[in-house]
Structure formats: structure tokens, C-alpha cells
Amino acid sequence: MTERERLLRNLASYDFAVYDLHIYLDTHPNDTSASKALNEYMNKSDKLRAQFEEKFGPLTTSDKDGNRWSWIADPWPWDTQEG
Amino acid sequence: MWAYEKKLQYPVNIKQTNPALAKIIITQYGGPDGELGASLRYLSQRYSVPYPEIKAILTDIGTEELGHLEMVGTIVYQLTKNLTMDEVKKAGFGDYFVDHTSGVYPTAASGFPYTAASMQVKGDIITDLHEDLAAEQKARTTYDNILRFCDDHDVKDAIRFLRAREVVHYQRFGEALRIVTDKLDSKNFYAFNPEFDKCENKNKPPKS
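Protein chains in written order, with my numbering: chain A, 1 to 83; chain B, 1001 to 1208.
Just so you know, the hints here were simulated from the structure itself, not pulled from any lab data.
Everything numeric in this text was worked out from a predicted model, so none of it was measured.
Some hints could be false.
[As the list claims (entries may be wrong)] Dumping the calculated SDA-like pairs for lysine to any residue here, alpha-carbon to alpha-carbon at most 20 Å:
no., chain 1, residue 1, chain 2, residue 2
1, B, Lys1183, B, Val1167
2, B, Lys1156, B, Gln1137
3, B, Lys1090, B, Glu1070
4, A, Lys55, A, Pro29
5, A, Lys47, A, Ser62
6, B, Lys1015, A, Trp76
7, B, Lys1007, A, Arg6
8, B, Lys1081, A, Lys44
9, B, Lys1089, B, Leu1066
10, B, Lys1007, A, Pro29
11, B, Lys1081, A, Asp74
12, B, Lys1081, B, Ala1020
13, A, Lys44, A, Tyr14
14, B, Lys1015, B, Gln1137
15, B, Lys1006, A, Pro29
16, B, Lys1015, A, Gln81
17, B, Lys1089, A, Pro77
18, B, Lys1006, A, Tyr24
19, B, Lys1015, A, Arg9
20, B, Lys1055, A, Arg6
21, B, Lys1156, A, Glu5
22, B, Lys1138, B, Ile1024
23, A, Lys44, B, Leu1008
24, B, Lys1007, A, Leu48
25, B, Lys1015, A, Thr80
26, B, Lys1055, A, Leu21
27, B, Lys1122, A, Val18
28, A, Lys55, B, Lys1006
29, B, Lys1055, A, Tyr24
30, B, Lys1156, A, Pro77
31, B, Lys1006, A, Phe56
32, B, Lys1015, A, Pro75
33, B, Lys1055, A, Pro29
Based on the provided sequences and hints, a complete structural model is requested.
Okay, structure coming up:
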């Protein structure tokens, strides 16, 4: 597994926790322990996302570094990863 | 408004070409219980809903389904990458290939193109949530059936993730239905349409 794949896999796992807690809180808005866990995973995700984007380019169009080529560049999500 | 993220919800990395399996899995892209229909169903049902929790859950699950559509498209694309004509013929992929080559087209496994006729937006949130619960179960059954054809670990891993999400969405829609029925008053014992008949400042329920 490449460094890029490893970071992306870890980021996907944090984002999954964030998202799953988020939809749980749609139907349980008063659950404070779930909303605390959501914030924790959100912080972890933000940190890792910044680390990933610095090394491998932007994940969203809101990236401010202005490098258009790094947004356009392969791999796109459906491309197979080497290694 | 939506914001795109240049990553999959769950990683998909299939190394082994398998057009016969792609022809089966495409049904979750554009088939009657597929991710396109799921997303369109929830994102369309949400407009006329009078309750904020339900607007949120339909928006959020409808959005996740778009991510699943991208995962299924990725699985099909990777299973049909670098195909030779020999593989196309041997796998019985010719009837898909003649129309779409190795493009990813929203169709059922039977070849029937995507149709909104397999989903409903009834404008009655109780009716719609019952449909949504059924839809999640139908998608789960389809993923179970797909798993019967899979022996490649890379494919199974991604399909199992998608299957598990159907189970979680079923739970959330069950809670959503409970939230809605809790809001009904004692005069609406038979759960008539709370969107049209029972909202404050809206039409009165039909006289029985």
C-alpha cells in the first residue's frame, strides 16, 4: 500500500465516523455523548485532511493554494491505485 | 448546493478484470433498487416534508447515496478496465458492450435502462418513509445476491460496506417514522397524510 493510499484510507475511516454519527444525530439530536464523539472525529479528520492535501493535492474545490493543475491531476477516485 | 470531494466514501481497488461480475453489479448503479434511484427518491421526497428532522435525514442519506453511486460506478469501471475482445465474448459481455463499450451506463442487470418508475414520491411522509424502509431492504437483498457471485476479495470488501450501509439507513428511517408518528395528534388516529391534511394553517383532514 502506498503512502497516499494509507493516508486516504485513514481519512476515509475518520470521515466515515463523522458521517455515521452525523446521521445518527439527525434522529437523536439530544445525544450529547454522540455529538462529543462527532467533534473529536471531526478534529482528527481536519488534521489528517490538511496533511493529505499538503502532500497529494486538494480534495475539494475550496482549496486556496491556487494550483489548478493539482486539482485536475490524476488519480481521480475511480482510478486504480498502483502498488 | 453540494460540494464534491475527490475521494470515495470507502476505498475501492480491484485488480482483477471480471466483465461477467460487472454486468451483475451494474444493477446497483441503475437498477430498480440501485443507488441512483435511492438518491433521487430521498432527495425528491424531502421538499414537501413539514418536519425538520425528516428534512435533515432525507437530505443526508440522499447525499450519502450519491457517494455510493460513485462507489458502484468505480467497481464496474475497474472490473471492465483493459478488456480484450476475447474476454468480452467469453464473459457474455457482448450485449452490454455493443451499446456502451466499457462505459458505465445506468441500467438494471436485465438491460432495462434506469427508470424513475421504480421509485415513488407520494407527498405523504408516512407513506414515503414506508417506501424508504422497503427500499433499504430491497437494496440489502440485492447486495446479498451480488455477494453470491463474488469470489474476489477486493470486490466483496466494497460490496459488504455498501450492504452494511443499507442496514444502518433502515435503522435511521425507522427512527424517522417513529418521530413522525409521535407528532400525529389523537384526531389523526389512522395516520392520514400529515403533509397535506394535518399541517397547521393548511387544509383540514377529510371528513369521515
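A quick look at each hint next to the structure:
1. At most 20 Å may separate the alpha-carbon atoms for a hinted pair to count; B:Lys1183 and B:Val1167 exceed this at roughly 25 Å.
2. Annotation: proposed proximity of B:Lys1156 to B:Gln1137 holds, straight-line Cα distance about 19 Å (limit 20 Å).
3. Between B:Lys1090 and B:Glu1070 the alpha-carbon distance is near 27 Å, which puts this suggested pair outside the 20 Å criterion.
4. A threshold of 20 Å between alpha carbons decides the hint, and for A:Lys55 with A:Pro29 the separation of about 37 Å lies outside it, so the pair is violated.
5. Our distance criterion of 20 Å between C-alpha atoms is met by A:Lys47 and A:Ser62, whose separation comes to about 16 Å.
6. Our distance criterion of 20 Å between C-alpha atoms is met by B:Lys1015 and A:Trp76, whose separation comes to about 16 Å.
7. With a C-alpha separation of about 13 Å, the suggested pairing of B:Lys1007 with A:Arg6 holds against the 20 Å cut-off.
8. Restraint check for B:Lys1081 and A:Lys44: not satisfied, since their Cα atoms lie roughly 35 Å apart, outside the 20 Å limit.
9. Simply put, B:Lys1089 and B:Leu1066 have alpha-carbon atoms about 32 Å apart, too far for the 20 Å limit, and the pair is violated.
10. A distance of roughly 28 Å separates the Cα atoms of B:Lys1007 and A:Pro29; the hinted pair therefore is violated under the 20 Å criterion.
11. The straight-line distance between the Cα atoms of B:Lys1081 and A:Asp74 is roughly 16 Å, inside the 20 Å bound, and the hint therefore holds.
12. About 13 Å separates the Cα atoms of B:Lys1081 and B:Ala1020, which keeps this hinted pair within 20 Å; it holds.
13. The hinted pair formed by A:Lys44 and A:Tyr14 meets the criterion: a straight-line CA distance of about 7 Å does not exceed 20 Å.
14. Pair hint B:Lys1015 plus B:Gln1137 does not hold up; C-alpha atoms about 30 Å apart against a cutoff of 20 Å.
15. At most 20 Å may separate the alpha-carbon atoms for a hinted pair to count; B:Lys1006 and A:Pro29 exceed this at roughly 29 Å.
16. Under the criterion of a C-alpha separation no larger than 20 Å, the hint pairing B:Lys1015 with A:Gln81 is consistent with the structure, at around 9 Å.
17. Our distance criterion of 20 Å between C-alpha atoms is broken by B:Lys1089 and A:Pro77, whose separation comes to about 29 Å.
18. For the proposed pair B:Lys1006 and A:Tyr24, the alpha carbon gap of about 25 Å is over 20 Å, so the pair is violated.
19. For the proposed pair B:Lys1015 and A:Arg9, the alpha carbon gap of about 17 Å is at most 20 Å, so the pair holds.
20. As the CA atoms of B:Lys1055 and A:Arg6 are separated by approximately 35 Å, the hinted pair breaks the 20 Å bound.
21. Among the hinted pairs, B:Lys1156 with A:Glu5 is consistent with the structure: their alpha-carbon atoms are about 19 Å apart, no more than 20 Å.
22. In summary, the hint linking B:Lys1138 to B:Ile1024 is supported, as the alpha carbons are separated by about 15 Å, within the 20 Å threshold.
23. Restraint check: the Cα-Cα separation between A:Lys44 and B:Leu1008 comes to about 18 Å, which is no more than 20 Å; the hinted pair holds.
24. Between the alpha carbons of B:Lys1007 and A:Leu48 the distance comes to roughly 14 Å, so the proposed pair stays at or under 20 Å and holds.
25. Straight-line distance between C-alpha atoms of B:Lys1015 and A:Thr80 comes to about 8 Å, which keeps the hinted pair within the 20 Å bound.
26. For the hint linking B:Lys1055 to A:Leu21, the alpha-carbon distance of about 17 Å falls within 20 Å, and the restraint holds.
27. Of the supplied pair hints, the one linking B:Lys1122 and A:Val18 is violated, its CA atoms being roughly 31 Å apart against a limit of 20 Å.
28. Proposed proximity of A:Lys55 and B:Lys1006 is supported: the alpha carbons are some 14 Å apart, at most 20 Å.
29. Of the pairs offered as hints, the one joining B:Lys1055 and A:Tyr24 holds, with about 14 Å between alpha carbons and a cut-off of 20 Å not exceeded.
30. Of the supplied pair hints, the one linking B:Lys1156 and A:Pro77 holds, its CA atoms being roughly 18 Å apart against a limit of 20 Å.
31. For the hint pairing B:Lys1006 with A:Phe56, the CA-to-CA distance comes to about 11 Å; that is within 20 Å, so the pair holds.
32. Taking the CA atoms of B:Lys1015 and A:Pro75, the gap is near 16 Å; set against the 20 Å cutoff, the hint holds.
33. Proximity of B:Lys1055 to A:Pro29 is assessed by CA-CA distance (about 14 Å); at most 20 Å being required, the pair is judged to hold.
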